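*Asks:* We have chain A already, so just place chains B, C, D and E with the ligands on it with the hints.
Protein chains in written order, with the working numbering: chain A, 731 to 959; chain B, 74 to 301; chain C, 74 to 301; chain D, 13 to 376; chain E, 13 to 376.
Just to be clear, a hint being listed does not mean it is correct.
Claimed, not checked - Pairs of lysine to aspartate or glutamate, DMTMM-like flavour, derived with a Cα cap of 20 Å:
| hint | chain 1 | residue 1 | chain 2 | residue 2 |
| --- | --- | --- | --- | --- |
| 1 | D | Lys-179 | E | Asp-175 |
| 2 | E | Lys-179 | D | Asp-330 |
| 3 | D | Lys-331 | E | Asp-125 |
| 4 | E | Lys-250 | E | Glu-206 |
| 5 | D | Lys-113 | B | Glu-197 |
| 6 | E | Lys-179 | D | Glu-243 |
| 7 | E | Lys-331 | D | Asp-330 |
| 8 | E | Lys-331 | D | Asp-175 |
| 9 | D | Lys-113 | B | Asp-208 |
| 10 | E | Lys-179 | D | Asp-175 |
| 11 | D | Lys-179 | E | Glu-206 |
As the list claims (entries may be wrong) - So, partial list: chain D residues that the calculated Cβ filter (under 10 Å) puts toward chain B:
| hint | residue |
| --- | --- |
| 12 | Arg-55 |
| 13 | Phe-81 |
| 14 | Pro-100 |
| 15 | Pro-238 |
It should be emphasised that the hints constitute simulated quantities derived from the structure, not laboratory data.
Fair warning: this is a prediction, and the values are worked out from it, not measured in the lab.
Think of the CB as a built atom: it goes at the ideal place given N, C-alpha and C, for glycine as much as any other residue.
In case you want the letters, here they are:
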Amino acid sequence: SELRVAVAANFLGTLNQLAPLYEAHSGQTLLISSGSTGRHYAQIRNGAPFDVFLSADVERPQLLVDEGLALADSRFTYARGVLVLWSDQQDLPLQGGEFLHSESLQHLALVNPRTAPYGAAGVEVMQQLGAYERLQAGHIAQAENLTQAMQYITSGTAQAGFLALSQVIETDGSIRGNTWLPDVDSYASLEQQAVVLSASPQLEAGQAFLYWLKSDQARAVIEAAGYGF
Amino acid sequence: MDLSSADVMALWITLKLALISTLALLLLCAPLAWWLAHTACRAKVLVEALVALPLVLPPTVMGFYLLVLLGPRGVVGGFLESVGIGHLAFSFTGLVIGSMLFSLPFVVQPLQNAFATAGGRVLEVAATLKASPFDRFVSIVLPLSRRGFLTAAVLSFAHSLGEFGMILMIGGNIPGRTQVASIAIYDHVEAMDYAAAHQLSIILVGASFILLLLVFALNRRFKVVSVV
Amino acid sequence: MDLSSADVMALWITLKLALISTLALLLLCAPLAWWLAHTACRAKVLVEALVALPLVLPPTVMGFYLLVLLGPRGVVGGFLESVGIGHLAFSFTGLVIGSMLFSLPFVVQPLQNAFATAGGRVLEVAATLKASPFDRFVSIVLPLSRRGFLTAAVLSFAHSLGEFGMILMIGGNIPGRTQVASIAIYDHVEAMDYAAAHQLSIILVGASFILLLLVFALNRRFKVVSVV
Amino acid sequence: MSLAMSFQVNRAEFQLQVSLELPDQGVTALFGRSGSGKTTLLRCIAGLEQLPGGSLSFQGQVWQSADEFVPVHLRPIGYVFQEASLFPHLTIEQNLHYGFKRIRAAERRIGFDEVVELLSLQDYLTRYPDQLSGGQRQRVSIGRALLTSPRLLLMDEPMASLDATSKQEILPYLERLTEELQLPIIYVSHAVDEVMRLADYMVLLDQGQVQAQGPLQALLTDHQLPFARSEQAASLLKAQLVDTDAGDGLAGLQLEQQPLLISQTHLSPGRLSPITLGATVKVTIMARDVVLARQLPEAISLLNALLVRVVALDTDLDKSQVLVHLQLGEQALMARISKRSAGLLQLQPGQQVYALIKGVAVNS
Amino acid sequence: MSLAMSFQVNRAEFQLQVSLELPDQGVTALFGRSGSGKTTLLRCIAGLEQLPGGSLSFQGQVWQSADEFVPVHLRPIGYVFQEASLFPHLTIEQNLHYGFKRIRAAERRIGFDEVVELLSLQDYLTRYPDQLSGGQRQRVSIGRALLTSPRLLLMDEPMASLDATSKQEILPYLERLTEELQLPIIYVSHAVDEVMRLADYMVLLDQGQVQAQGPLQALLTDHQLPFARSEQAASLLKAQLVDTDAGDGLAGLQLEQQPLLISQTHLSPGRLSPITLGATVKVTIMARDVVLARQLPEAISLLNALLVRVVALDTDLDKSQVLVHLQLGEQALMARISKRSAGLLQLQPGQQVYALIKGVAVNS
Ligand SMILES: Nc1ncnc2c1ncn2[C@@H]1O[C@H](COP(=O)(O)OP(=O)(O)OP(=O)(O)O)[C@@H](O)[C@H]1O
Ligand SMILES: Nc1ncnc2c1ncn2[C@@H]1O[C@H](COP(=O)(O)OP(=O)(O)OP(=O)(O)O)[C@@H](O)[C@H]1O
Ligand code: MOO
Ligand SMILES: [Mg+2]
Ligand SMILES: [Mg+2]
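Only chain A is shown next, with the shape it has when bound in the complex (with noise of 0.2 Å):
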């Protein structure tokens, strides 16, 4: 039997690690649709067919919960997102946030901060060092998701930008590039949480695997792969 499972983008590669393990564990298969939440949100409420739903923010299992169309217990945070500051260019100053000042700073890579928890954090972050004010005129380049951010980086046209931890760390937990991480209470908690929709045939099998990724071992993965809790 397979395990249907909607999952934010920035989980999709932790997931598929998870996703063997899980098999092997249960005898499951899971059948993964990754994309934004703000979608997976919209469709499901339109009559997807998904059993479980792995968030990138609280915002939406919650609206879920609070309009029944996921169960009020099965809610939990499944992992806490890391921000982090990150060019591939060595010689850029990141630490501390140096290089936000810089008058070199030509683009600046950031997830839409309306639509994603990153983005708003690294608002955050900008505002602390007074730097917002000047970046946003024309200086941040806006991605839909952490990937296309990513990508502006990688080819060139941004040279540094807000990301999060799991897409720079190395599978033996080496920081990829010039990283800088800052104080995780200087923003507000990245928080992705889980729920199990109600329309789903298989309530027991959902609830089933979020328990699951609540055990050591998941959660081993989960953090290797650069999340907390």
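*Replies:* The following block gives chains B, C, D and E with the ligands in isolation, referenced to the frame of chain A:
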């Protein structure tokens, strides 16, 4: 090359979707295009403008509206559900409908242009040679409109291959059911599996290129005709 | 209606982008389409297939490859940077180039079809009436290809309005510079601000509809001509 | 008479108003100046102009009436358009086959190979229309129409771009078709010689109105009409064949009890079987080929001399010429001579004179 | 002689191989069966077929040679195509203006209104081509070509769909143009009467080869060629005008010291100024209009009698006819008579006979 089975499946769904929606569009739009090419009705202008509209909205947004319409709470989806057929969102049928709607202008306009020039005297001649209206359409209009059909088919087919915003929205990116190659590529990119993304892109582009080459080469072998 | 100033700006950029890229495409593709319509060269088939290819890949993926190409580290962008022009990513010029590339098949194919039927005897007649090749093109081919140009312009314009996957990638969605209406609508949907999404969609669709109506109505007033 | 029609077409600056009953056999010539409505009338008959108020019936079958309209493709007509209008995407063979294969085999009265040979199209069958000359295209379009084995053939200047030799090959075939297959033809032409040769009946159109209609013979000699007054004026007479071989390649006819010699080659060009003795032969004598004499001249190369009576003299043709209407038994003959000669001969109505006709000037 | 050309065209089953020097004045008729290459040759002259190995020069200017090719639009030609080929998106007025406005005003030798009036196009100026009849379209296409004030006019069966009256209006105008504007015309036509009337020079094409060329007069009487042998055979003679009014609407000519009366109306149709006394007049006499007699008959409506000498008899035309070649002073005349008459008259070469010609049969 070691394509994952999901990728192979995605390629297959893509091909099926592009073929079915292109064929269905050609069949459905031919009468519409013929009417547009020959009517003197004033409403024609309205229809012409309407046909082009699906292009104006971003695919995902169009997809969103379609989703609302075809989903279980939508007017269409709700009705279909109530008569026991089931709503159309997240189904292959829904994909086909979305894809067709979106490629509508690419089919109607070239056909309309072709029909507008393929008419005239030769049709009258054919009538005097005992060809019924349908026979005339098949034996005269179709061959003389070959290039129009070719353009319509190529644009619609290629667009169905590449379009994913709308398909993602009403299809739901369900592997094996509604996950098409373009979404699979997108997913690989999202998962930063660039190798898989490049590989699938190359296959999609390569296969399309060969297909297009064949189609155009075949077309070359026909007589180029202008109605003198 | 209380559109945010960002939305107004986005609409304005969208309009500018669609107009400029459509005009530029019509100008650039006319010679190409003419060549395709009249050459007996075998390479023609190759070019025809190539022209249709931009449609095959998902726009975001195409956009990614283009970004890599046009960005400062890319072959094209790097070269332009080195000669002091600056790379093209995240600039309006880059948007125009991306948009043009993506609408290429919508312009080339209808024009090619129109040119293929608008040639022939009347061009020879025009030559005997002292019209130079360019003069013949302007005075005979253009008017006889009117419908082809109309189709090319409508498809390209409408597609430029709605496309956003590629534009996002190479434009960087920089408000006031490269943020177009389609991305703005998309953002509203993603942000669950459906009211704003509806409003902007209605404006975009409504304005486009009126524009298309005008264009088609104007077209109706011309004489419908088939080369007898 | 059973091709009855009545049509009214209103165009910007042109009205066609026609009510006609035409014979449903033989060739009816449609004659008239450019723009007089010939093509428009043919289109109405074919059903290509669907206009209210018209009516048309052919051999008792209603093709158009207030509440009926047989569509073009169900009418058993063949139509040779004024422009060849071949199908550009089909080869010549396919063009010819187009109508042919849409007819049930049992209804085919005209054979494919026969038409191809007659119109000398063998060499072009695999070509496309744009690889033919103007005249070749026109021949194909004639063949294409014939191959539907129509019961009524409409031809709009079918020979306009053909040379004399081609015409000489095709005209006799058309004559044969009308006779052997009882195929009536409505034939638009500007060439008087073609019309005289082919037609039995004539309709004269002028600005959309029927100016005159009737048997060719009557119209050609009617001095109200332009024919008799033109340089092409001719008389049509009926004679009996009495001697198929009168020596020197001549054949002997009997015309109103008087002998008339004509060339044997003129007797039955293209006909399958030679005309039998005693058969009626149609003879065209151009007015300008008739010489009048008060007495029979000798040692002159004018083979035929017919005794005729002067009926009237038409003197207002031209400053220098007169048209002399003559009576030959029951039939009418015209002579176009110079005013000077008329004066010298002191021609008067009632007078008996000899009409001298060159043997070679007789057309059958 | 200064329209010199040499062309070679190779098509699937057709080769045109032509090397010609044509006069650069007057009308040159291009004659030949359907498919003989007339249109192909005109296209070569116009520059519409750009093929290697050809050469062409007109009045000393090279239009085509091994290393030069003047493109069509830079050649001062007018071309009337075999099909009218009007611009479908332009009104008749715009069609006519198309070439006209592309010519500098100083170079315009033919006026807009003049052409419109002559071709009776006033009523159609605001219409579109698909609203005209076939003949009307053809007239527009003639006008359109004329309005570029060409220095060489190429006409491909320009009158094929015109009625006799329209032809009678247009032909004299063309004659006038050749004379007054020194405009040479190359004229393709199947109508022998048109050619005889208009042409000074003739080229006979057969299967892409020049079968004969020369002054019209010489070709028409050359008994190697099909003309002399056809029913349309005619002789062209030169005579002097000696009396503009000989009474009865006649004019008197002097032909090789013998008098010849012709109708005044035939003398100068369409010409601006009447021919002056003593001028040379071109006279066409059809062979079938010549009657031979051993002695002068009396009281007969044959106005002209010319004393001629029999040169030769052509007996292999036809079973019943002979062509008699006659000598009239320095010029040649032909008579087509029946074999029977030739026998009765016992015609022999060297013999003197009277050639009787109807006054009305003389064309100038
Ligand atoms: N594109 C072509 N390919 C092959 N053969 C051709 C092509 N065009 C013309 N021909 C052939 O060339 C020959 C000459 O054609 P052309 O048009 O010059 O004839 P024409 O003398 O003008 O005849 P017509 O009096 O019928 O117009 C014809 O036999 C024709 O079939
Ligand atoms: N679509 C149209 N609109 C207006 N007038 C038209 C239209 N078609 C034809 N006419 C006019 O109708 C008249 C008759 O045309 P028709 O074609 O019947 O003439 P026709 O006798 O065949 O002449 P031709 O010998 O030149 O072919 C012409 O004066 C023409 O200008
Ligand atoms: O036009 Mo799209 O939404 O980028 O596939
Ligand atoms: Mg006509
Ligand atoms: Mg020709």
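*Asks:* Please go over all the hints and tell whether each is borne out by the structure.
*Replies:* Taking the hints in turn, this is what the structure says about them:
For a cut-off of 20 Å, the pair hint linking Lys-179/D to Asp-175/E stands: about 18 Å separates their Cα positions. Note on Lys-179/E and Asp-330/D: the hinted pairing holds, with a Cα-Cα distance of about 19 Å set against a maximum of 20 Å. Under the criterion of a C-alpha separation no larger than 20 Å, the hint pairing Lys-331/D with Asp-125/E is inconsistent with the structure, at around 31 Å. Note on Lys-250/E and Glu-206/E: the hinted pairing holds, with a Cα-Cα distance of about 19 Å set against a maximum of 20 Å.
Proposed proximity of Lys-113/D and Glu-197/B is supported: the alpha carbons are some 18 Å apart, at most 20 Å. Taking the CA atoms of Lys-179/E and Glu-243/D, the gap is near 14 Å; set against the 20 Å cutoff, the hint holds. A C-alpha spacing of about 38 Å is found between Lys-331/E and Asp-330/D, which places the hinted pair above 20 Å, so the restraint is violated. Under the criterion of a C-alpha separation no larger than 20 Å, the hint pairing Lys-331/E with Asp-175/D is inconsistent with the structure, at around 23 Å.
Among the hinted pairs, Lys-113/D with Asp-208/B is consistent with the structure: their alpha-carbon atoms are about 12 Å apart, no more than 20 Å. With a C-alpha separation of about 18 Å, the suggested pair Lys-179/E and Asp-175/D falls inside the 20 Å cut-off, and the hint holds. Proximity of Lys-179/D to Glu-206/E is assessed by CA-CA distance (about 17 Å); at most 20 Å being required, the pair is judged to hold. Nearest Cβ of chain B to the Cβ of Arg-55/D: about 8 Å, under the 10 Å cut. The hint holds.
The beta carbon of Phe-81/D comes no nearer than 13 Å to any beta carbon in chain B, farther than 10 Å, and the hint placing it at the interface is violated. Nearest Cβ of chain B to the Cβ of Pro-100/D: about 5 Å, under the 10 Å cut. The hint holds. With its C-beta approaching chain B no nearer than about 31 Å, Pro-238/D sits outside the 10 Å limit, and its interface hint is violated.
In summary, the numbered hints that this structure violates are 3, 7, 8, 13, 15.
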